[in-house]
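Residue numbers (the numbering used here), protein chains in the order written: chain A, 178 to 978; chain B, -11 to 151.
Hints were generated in silico from the structure; no laboratory data involved. Predicted, not measured: the structure shown is a model, and the values here were computed from it. Any given hint could turn out to be false.
[Claimed, not checked] For each label pair, taking beta carbons as the anchor points, the in silico distance ranges come out as:
id, chain 1, residue 1, chain 2, residue 2, range
1, A, G954, B, W118, 53 to 61 Å
2, A, G894, B, W118, 47 to 55 Å
3, A, Y802, B, G72, 34 to 42 Å
4, B, E7, A, K201, 37 to 45 Å
5, B, G72, A, N433, 45 to 53 Å
6, B, W118, A, R636, 30 to 38 Å
[Claimed, not checked] Once the Cα atoms are required to be at most 20 Å apart in a straight line, the calculated SDA-like pairs of lysine to any residue come out as:
id, chain 1, residue 1, chain 2, residue 2
7, A, K201, B, Q80
8, B, K135, A, G842
9, A, K845, B, D114
10, B, K135, A, P861
11, B, K135, A, A206
12, A, K845, B, R117
13, A, K639, A, F950
14, B, K135, A, S305
15, A, K203, B, Q80
16, A, K201, B, H21
17, A, K201, B, R117
18, B, K135, A, D914
19, B, K(-6), B, Q80
20, A, K201, B, E20
21, A, K845, B, E7
22, B, K135, A, A199
23, B, K(-8), A, P861
24, A, K201, B, S34
25, A, K203, B, V83
26, B, K(-8), A, D306
27, B, K(-8), A, H953
28, B, K135, A, M862
29, A, K203, B, D84
30, B, K(-8), A, A206
31, A, K220, B, N110
32, A, K203, B, K(-8)
33, A, K201, B, D84
34, B, K135, A, T913
35, B, K(-8), A, D914
36, A, K201, B, K135
37, A, K220, B, H21
[To be verified] Derived coverage of chain B by chain A (criterion: at least 3 residues anywhere in the stretch with Cβ under 8 Å from a Cβ of chain A; other residues may be distant):
id, stretch
38, 30 to 40
39, 50 to 62
40, 121 to 128
Here a beta-carbon is modelled for each residue, glycine too, at the ideal position from N, C-alpha and C.
These are the residues of each chain, in order.
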Amino acid sequence: MSDIKEMSLEEREATLGGIGSARKRKEDARFIRGQGNYVDDIKLPGMVFGDFVRSAYAHAKIKSIDTEAALAVPGVMAVITAKDLEPLGLHWMPTLAGDVAAVLADKKVHFQNQEVAFVVGADRYAVSDGVQAVDVDYDELPVLVDPRKALDADAPILREDVQEKDNVGQGLRRHPNHIFHWEVGDKTATDAAFAAAAVTIKEEIGYPRNHPSPMETCGCVASMDATNGVLTVYGTFQAPHVIRTVVSLITGLSENNIRIVSPDVGGGFGNKVGAYPGYICAAAASIVTGLPVKWIESRMDNLSTTAFARDYHMTGELAADESGKITAIRANVLADHGAFNTHAQPMKWPAGFFNIVTGSYDVPVGHVEVDGVYTNKAPGGVAYRCSFRVTEAAYLIERLIDALAQKIGVDKAEIRFRNFIQPEQFPYDSCLGWEYDSGDYPTALKKALEAVDYEGLRREQKEKAAKGELMGIGIATFTEIVGAGPTRNCDIVGLGMFDSCEIRVHPTGSAIVRLGTKSQGQGHETTFAQIVATEIGLPSDAITVEEGDTDTAPYGLGTYGSRSTPVAGAACAIAARKIRAKAQKIAAHLLEVGEGDLEWEVDRFRVKGLPERAATMKDICMAAYSNLPEGMEPGLETTSYYDPPNFTYPFGAYVCVVDIDRFTGEIKVRRFYALDDCGTRINPMVIEGQVHGGLAEAFAIAMGQEIVFDELGNVMGASFLDYFIPTTVETPVWETDHTVTPSPHHPIGAKGVGESPNVGGVPAFTNAVVDAFAQHGVMHMPMPHTAWRVWQTIDELGLNK
Amino acid sequence: MAEKTKISLTVNGNAVEAEIEPRTLLIHFLREHLNLTGAHIGCETSHCGACTVDLDGRSVKSCTVFAVQANGGELLTVEGMAAGGELHPLQQAFVDQHGLQCGYCTPGMLVRAYRLLQETPNPTDDEIRWGLSGNLCRCTGYQNIVKAVRQAADELGQKEAAE
């Protein structure tokens, strides 16, 4: 029947380059030649540029905006202000969190560098001149920087536009600067457990405001075709379909007349999920001028105005028995969301999935309260390389369990073993409402401890301590919750958080796969082809993966929160299985047997008991267009929309070893070992790369990243001069390892992984730093652990004497 | 708009002449005037190195160099690295070692690594790390970039030994 070559099963499998193969990346060919196609590389005929006049003040009334001089600048074509956008209803925009955000400042500014006017001109230089020439007159107002003072009776009222509202999209609020109150768990039972506990601990644990700062800033090219009424926007979008729907809701344009394209995206890390004023202004300017308009952020704009992350001020408590077995957890969080509530979480979750705060531990009861407040800072609250608020939660529990160990004098590895959810407890219902799908925490930690010779390290630490040297060992055994998410409890502007995959198989045995997600460096063009290759038996090299164009890709919610593999990856497998089911019918027809007489083998259907009679997938592809069973529709294509039944729960065990110079406070990361369990591994090379990158970002966060404001709300250092991005020199060497505990509900058993290293990495670093001082009674040290801060601790303790 | 200045230089082996505003930055000249979009803008303050190109045998950050400063110079960008269509060993090594993810820093990394291997043909890992410390990457954690440069250095070293 077919060209069955004399290849062994293993050779045939290897030829596919499917699941498990460390396949080289398909996208690299263009990037290494400088032929990537990022948004700033896009040039359309007649294209002009736009940029913002930004506020010098954090809180001020706008008395007047004088655009006359700017309009006289050669090359400047227009200056757009809120007044110009108002008739179009575009001066404010709805946020993904149910609030509204100013597109251009309307009567007042709420944070420094807020967008006040949009200057459009022939080229970047003319626009820059124009921006300088706009004269804005302000009346300064009292500034609110400290979120702890936001709800004071005499606090300045920031959002006069919603002052009278008792709800700004996420439930009742109790003060004009209050955004939401959210709580979960059993307060009464938690209080009782604390009252009865043999041991309790309480720590104030802050997570400073930081910023995802991908190498490429945000930007877009908007082009309104007045002839057919179609608006095309090329931009740095992690979620192009959501952007299309949001643009439709904001502008009133029919969704079929909007085309959103995410070209190559230079990293996202949560920064490129939301909708920014630049997108709206570029679109409005294109409508006004009839020309394509490009807007590209500067780095300073990016760091000081587009979505920040964290800014969680947490108080955590644990109750435990004498042995250190946790009996209850309590957390109280103040969340600084800045000037507008533009955090990007599934809408029913104003604090994201912070209630994963029980971590990898079997905690009988708990209670969590989170309050969000406005301040005169840039809006945001996105997940910087983590699932929604999971990194804050993981940081809190991993810090608390270390503090508990120190308080009762139990080893920090041992206390984790005493509290782990045991493998036989899965699926595990946590006291705060999650159903963990699978895990084997003790095995992971045992493997990690052996790999680093934990006992040897502890011995060495003791010896060093005796000599006055500072060495710390940090452990983090984290659990993430990724793959948002089941539509029954996850939506964005009402859209269920499913994802999608369309597969079209071509007659000669190749295929195109389109998804609702959007890679920003994760390697989707490589890895999604591997899933399809294994499922339908065509080589991954013959499978093109395409994402990011809303005119061609099926609707999906995009890439963030490690959701691509858990959700779109599942859609990929299910769609491929639909293809295979049809292929089986065609194979039965070709081989003149019943469908039930066939079995699948790598790349073909064989007749059971007659292995030499087979139809390869390649044969079937052609037959799908030429030789079909009676009554069957031609073609071999399908679409799957996958609504996950549950999240996936990747986990890991990390060990970090640091040496600290007791005279300078400098920290040297001697060793970092990361064991990750993300279930079935699709491409080990890509996974390892994701882990390296996530760890480097965790290192940055723990050791130096913080967006600081002075008392007037001035951003102190929103450039790479001040904002810490580690170089090759500071960045530690990473050791990676893994265990495999497949997800029972995911079609191929895979979980997300891109964010695990950030979630587990940050507490591992802090735990190591604090551990170096544990012998001196130090329970917690606030991030970031700069040499100056660490030196202050050393000096207070007199360890440099 | 200021009066324009004439410049002439060699870019990836091709003679180029242009009239530009004197304040035009080299990165804008490359990207906007010559359509060489391989080098990227990442920070405008010469910290990130995404805009790195090679000017007269030195790595420069083209976001803080005026195009007029390149007048009469010889420029190499990532687009010029694959001589005769054949990948430079560094380019192949970045693929082999998974030394890139989003690809945005890659052109600058490659051009900088190219110069580093001219300056230090057989670098230690430490020398590679110091040599690339002016180029930031947020995706890879650098480890595979270091491995890629090591691979290319070894390959170039073997080539030289064979010649």
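Practice prompt. Give me the numbers of the hints this structure contradicts, sorted from smallest to largest.
Written response: 1, 2, 8, 14, 16, 17, 19, 20, 21, 23, 24, 27, 30, 31, 32, 35, 39
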